[in-house]
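Q: So the sequences go chain by chain: L and P.
Under the numbering used here, the residue at position 69 of the first sequence is numbered 69, and the numbers go up by one with no gaps.
Under the numbering used here, the residue at position 17 of the second sequence is numbered 17, and the numbers go up by one with no gaps.
Please keep in mind that the hints were generated in silico from the structure rather than gathered at the bench.
Since this is a predicted model, take the numbers as computed values, not measurements.
Certain hints may be false.
Listed below are several chain P residues computed to face chain L (Cβ distance under 7 Å; list not exhaustive) [said to hold, decoys possible]:
1. Phe46
2. Tyr99
3. Phe103
4. Thr107
5. Arg108
6. Arg112
In the DSS-like style, the derived pairs of lysine-lysine whose C-alpha atoms are separated by at most 27 Å in a straight line are [said to hold, decoys possible]:
7. P:Lys42 - L:Lys13
8. L:Lys57 - P:Lys71
9. L:Lys13 - L:Lys57
10. P:Lys71 - P:Lys56
11. L:Lys1 - P:Lys71
12. P:Lys68 - P:Lys56
13. P:Lys42 - L:Lys57
For each residue, glycine too, the CB sits at the ideal point set by N, CA and C.
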Amino acid sequence: KAGVTQTPRYLIKTRGQQVTLSCSPISGHRSVSWYQQTPGQGLQFLFEYFSETQRNKGNFPGRFSGRQFSNSRSEMNVSTLELGDSALYLCASSPRGATTGETQYFGPGTRLLVL
Amino acid sequence: GESVGLHLPTLSVQEGDNSIINCAYSNSASDYFIWYKQESGKGPQFIIDIRSNMDKRQGQRVTVLLNKTVKHLSLQIAATQPGDSAVYFCAENLGDSSYKLIFGSGTRLLVRP
Numbered sequence: 001k002a003g004v005t006q007t008p009r010y011l012i013k014t015r016g017q018q019v020t021l022s023c024s025p026i027s028g029h030r031s032v033s034w035y036q037q038t039p040g041q042g043l044q045f046l047f048e049y050f051s052e053t054q055r056n057k058g059n060f061p062g063r064f065s066g067r068q069f070s071n072s073r074s075e076m077n078v079s080t081l082e083l084g085d086s087a088l089y090l091c092a093s094s095p096r097g098a099t100t101g102e103t104q105y106f107g108p109g110t111r112l113l114v115l
Numbered sequence: 001g002e003s004v005g006l007h008l009p010t011l012s013v014q015e016g017d018n019s020i021i022n023c024a025y026s027n028s029a030s031d032y033f034i035w036y037k038q039e040s041g042k043g044p045q046f047i048i049d050i051r052s053n054m055d056k057r058q059g060q061r062v063t064v065l066l067n068k069t070v071k072h073l074s075l076q077i078a079a080t081q082p083g084d085s086a087v088y089f090c091a092e093n094l095g096d097s098s099y100k101l102i103f104g105s106g107t108r109l110l111v112r113p
């Protein structure tokens, strides 16, 4: 099976702009989670989607949003970009969601640089 | 945030030696744990997992030990190779309906030739 894919891999934006990142999960996986990774804060949970519904959201401002499509592909959007949004954004998929015994598999990430 | 990443400890080992990477997890209710390996420029890669009803699990060259009494997890890598050089993260799942993993801060493993 193909792994989790994310596009684009690299992105440079300026403050105030908005950005959309895309994630295609492993075939058959219906749960998609997003994480932000920075040197200072490590890996932090953004949100999780299953069957087009957001089931949980992390402690991030409302500028961070996402959605999931009927084919399980997911997008996340960050509006009004700030310098502190520069990070590696990781998408992970699993069949039903991060529960006991179910592993999440990660994509390569999208490296976002905000200038 | 829930994932503390202010300090990334580094473990330096000689090629061929065994490596032990430690992790202290935060929630006594967590019932599932995963070790991930992250190489530069890549996403975290699954290594091995363990449920809370076990205290040891072995894979190919890797062993995970779980001590629930002190909320401690360790990853042992046998005969460490240069390709093992990476950052290693432990992750815990609360076993509830939060559908998220909580990650440790990570340990950088450097393998000396």
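Q: Hint compliance check: list the failing hint numbers for this structure, sorted ascending.
A: The structure breaks hints 4, 5, 6, 11; every other hint is satisfied.
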